[in-house]
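Colleague: The task is simple: from the sequences and hints, build the whole structure.
Sequence order for the protein chains is A and B. So that you can map any letter, position 165 of the first sequence is 165 in the numbering used here, and since no number is skipped, the others follow by simple counting. So that you can map any letter, position 123 of the second sequence is 123 in the numbering used here, and since no number is skipped, the others follow by simple counting.
In case anyone wonders, no lab produced these hints; they're calculated from the structure. As the structure is a computational prediction, the values presented were derived from the model and not from experiment. Where a beta carbon is used, it is the ideal one built from N, C-alpha and C, also for glycine. Treat the hints with care, as some may be off.
As the list claims (entries may be wrong) - Incomplete in silico selection of chain B near chain A, CB under 8 Å:
{"#": "1", "residue": "Tyr-31"}
{"#": "2", "residue": "Met-48"}
{"#": "3", "residue": "Leu-52"}
{"#": "4", "residue": "Ala-54"}
{"#": "5", "residue": "Asn-59"}
{"#": "6", "residue": "Trp-64"}
{"#": "7", "residue": "Phe-79"}
{"#": "8", "residue": "Leu-92"}
{"#": "9", "residue": "Val-100"}
{"#": "10", "residue": "Gly-102"}
{"#": "11", "residue": "Ala-107"}
{"#": "12", "residue": "Ser-110"}
{"#": "13", "residue": "Ile-127"}
{"#": "14", "residue": "Gly-146"}
{"#": "15", "residue": "Leu-165"}
{"#": "16", "residue": "Leu-167"}
Claimed, not checked - To spell it out: a stretch of chain B is covered by chain A in this simulated footprint if at least three of its residues, at any positions, have a beta carbon under 8 Å from a beta carbon of chain A; those stretches are:
{"#": "17", "stretch": "36-46"}
{"#": "18", "stretch": "115-123"}
{"#": "19", "stretch": "134-140"}
{"#": "20", "stretch": "147-157"}
{"#": "21", "stretch": "169-176"}
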Amino acid sequence: MTTPFYKYGFFGDETSLVVAFLIGIGFGFFLERAGFGSSRKLVSQFYLNDLAVFRVMFTAIVTAMLGVTYLGWIGVLDLTLVYMVPTFWVAQIVGGVLLGVGFAVGGYCPGTSPAAVVMGHLDAITYIAGIFAGVFTFALAFPLLRGLYTAGEMGAVRLPEFLHLPYGLVVFGVVLMALAGFWGAGWVEKRFGTAPEAR
Amino acid sequence: MATAVQEITETRAGAHAAAAERVGAPYMNPYLAGIGLGLVLLSAFVVMGRGLGASGAINSTLAWALSKVAPAWVAGNEFLGPYLGDGSTHPLKDWLVFEVMGIYAGALVSGLLAGRFKVMVERGPRISASARLGLAFAGGTMTGIGAAFGRGCTSGQALTGGSLLNLGSWIFMICVFAGAYTAAYFVRRQWR
Chain A
1 MTTPFYKYGF
11 FGDETSLVVA
21 FLIGIGFGFF
31 LERAGFGSSR
41 KLVSQFYLND
51 LAVFRVMFTA
61 IVTAMLGVTY
71 LGWIGVLDLT
81 LVYMVPTFWV
91 AQIVGGVLLG
101 VGFAVGGYCP
111 GTSPAAVVMG
121 HLDAITYIAG
131 IFAGVFTFAL
141 AFPLLRGLYT
151 AGEMGAVRLP
161 EFLHLPYGLV
171 VFGVVLMALA
181 GFWGAGWVEK
191 RFGTAPEAR
Chain B
1 MATAVQEITE
11 TRAGAHAAAA
21 ERVGAPYMNP
31 YLAGIGLGLV
41 LLSAFVVMGR
51 GLGASGAINS
61 TLAWALSKVA
71 PAWVAGNEFL
81 GPYLGDGSTH
91 PLKDWLVFEV
101 MGIYAGALVS
111 GLLAGRFKVM
121 VERGPRISAS
131 ARLGLAFAGG
141 TMTGIGAAFG
151 RGCTSGQALT
161 GGSLLNLGSW
171 IFMICVFAGA
181 YTAAYFVRRQ
191 WR
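Modeller: Here you go:
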C-alpha cells in the first residue's frame with residue numbers, strides 16, 4: 001500500500017493545489033472533447049436523440065471503478081483512505097431531483113458549465129450565476145432546511161455493504177448494467193434519434 | 001453522395017429534434033472520451049485520495065465573496081461558514097477551486113484545438129436569446145440548491161461516488177436522471 005500518495009505524505013498541501021490544477025486540466029479537456037461544452041449536446045440525452053453523454057459518463061464510471069478495484073486488489077491503493085461522501089439518502093433524493101430538473105432547464109451541470117463558458121456560450125454564464133444564487137438562497141434558508149439536509153443519515157456506506165454482496169460481484173453487476181445501457185442506447189437512438197456518427 | 005447521406009440523416013431527424021448545430025471539429029468517440037475521463041478520475045484517487053468535483057468550488061467562492069461584504073454573517077452561517085476555514089489559509093486556496101480553474105484551462109485548450117470557440121446563446125430555433133438566458137439562470141438556481149442538498153453534483157457524486165460504489169451517490173444519480181427526464185418534456189421548446 002503506497003497510494004493515495006497525498007495521504008501517505010509524499011507531498012504537502014501547497015503541491016496538492018498544483019496537482020488539483022493539473023487534474024482539472026485533464027478533466028476539462030476530456031469534458032470538452034466529448035461535447036460537454038454544448039448544452040444542446042448535453043440535453044439531447046434527455047430527448048433520447050443522442051445518448052453520447054450517457055455513454056461517456058458510464059464509460060468513465062466503469063473505467064475508474066475497475067481501476068480502483070484492481071489497484072485495491074493488488075495492494076497498491078488503500079481504498080479506505082479514499083474520501084467517501086457520507087450518505088444522507090433523503091437529502092440526496094431531494095438534491096438529485098432538483099439538480100436533474102435544473103440540468104434539463106438550464107442545459108448544464110456545475111462541472112460542464114465551465115467548458116461551455118470558455119467556448120463562448122453566454123447561457124453558461126447565466127447558468128453559473130444561477131448556481132451562486134441557488135447556493136446563496138440555500139445558505140440563507142439553512143436554519144429552515146437543516147432538518148431536510150440531515151435527513152436519512154447513514155454514514156459512508158458502499159453498495160456492497162448495503163446489499164450484503166461481495167465487492168467484486170457488485171463491480172461485475174455495474175459493468176453488465178453499463179454494457180446493457182450502451183446496447184439499449186443504440187437501440188433508443190435508432191428509434192428516436194439522429195445518428196451521432198453522422199454529425 | 002455526401003449530400004444524399006446528409007439528406008437521409010436530416011429526414012430521419014425530421015419531426016424530432018434537429019441535430020444541434022455543432023461548431024468546429026466532430027466530438028471525440030464517446031467511449032474513448034469516457035476512458036480518458038475515467039483515467040483522470042482514477043489518477044485523482046491514486047494521487048490525492050479523493051475524486052473530482054465542481055459545486056464545492058462555488059460554495060468556497062461564494063463564502064469568500066460574501067465574507068468581503070458580511071463577514072460575521074458568513075462565519076455564523078452553518079452551511080457556508082465551514083468553507084471559510086479556520087482563518088489560517090485563504091478560502092480560495094482550496095483543492096476544488098484550483099481543480100475547477102483547471103477545468104476552465106483544459107476545456108479551453110481542447111475547444112481551441114477543435115475550433116469550437118464561438119460567442120453565442122446556445123438555444124433552439126423557437127426561443128429568444130433572453131428567454132434562454134433566463135431559463136439557464138433558473139436552471140442554475142435549482143442546480144445550486146440541489147447540489148447543496150445532495151452534497152455534490154454530477155462530478156462529485158455521480159462520477160466520483162458512482163465509481164466508488166457510494167450508496168448515496170447512486171441514489172443521487174438515479175434521482176438526477178429521473179428529474180431531468182421528467183423536466184425535459186416541459187422545456188422541449190427551448191431546444192427544438
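Colleague: Which numbered hints turn out to be false for this structure?
Modeller: Violated hints: 6, 8 and 13; rest satisfied.
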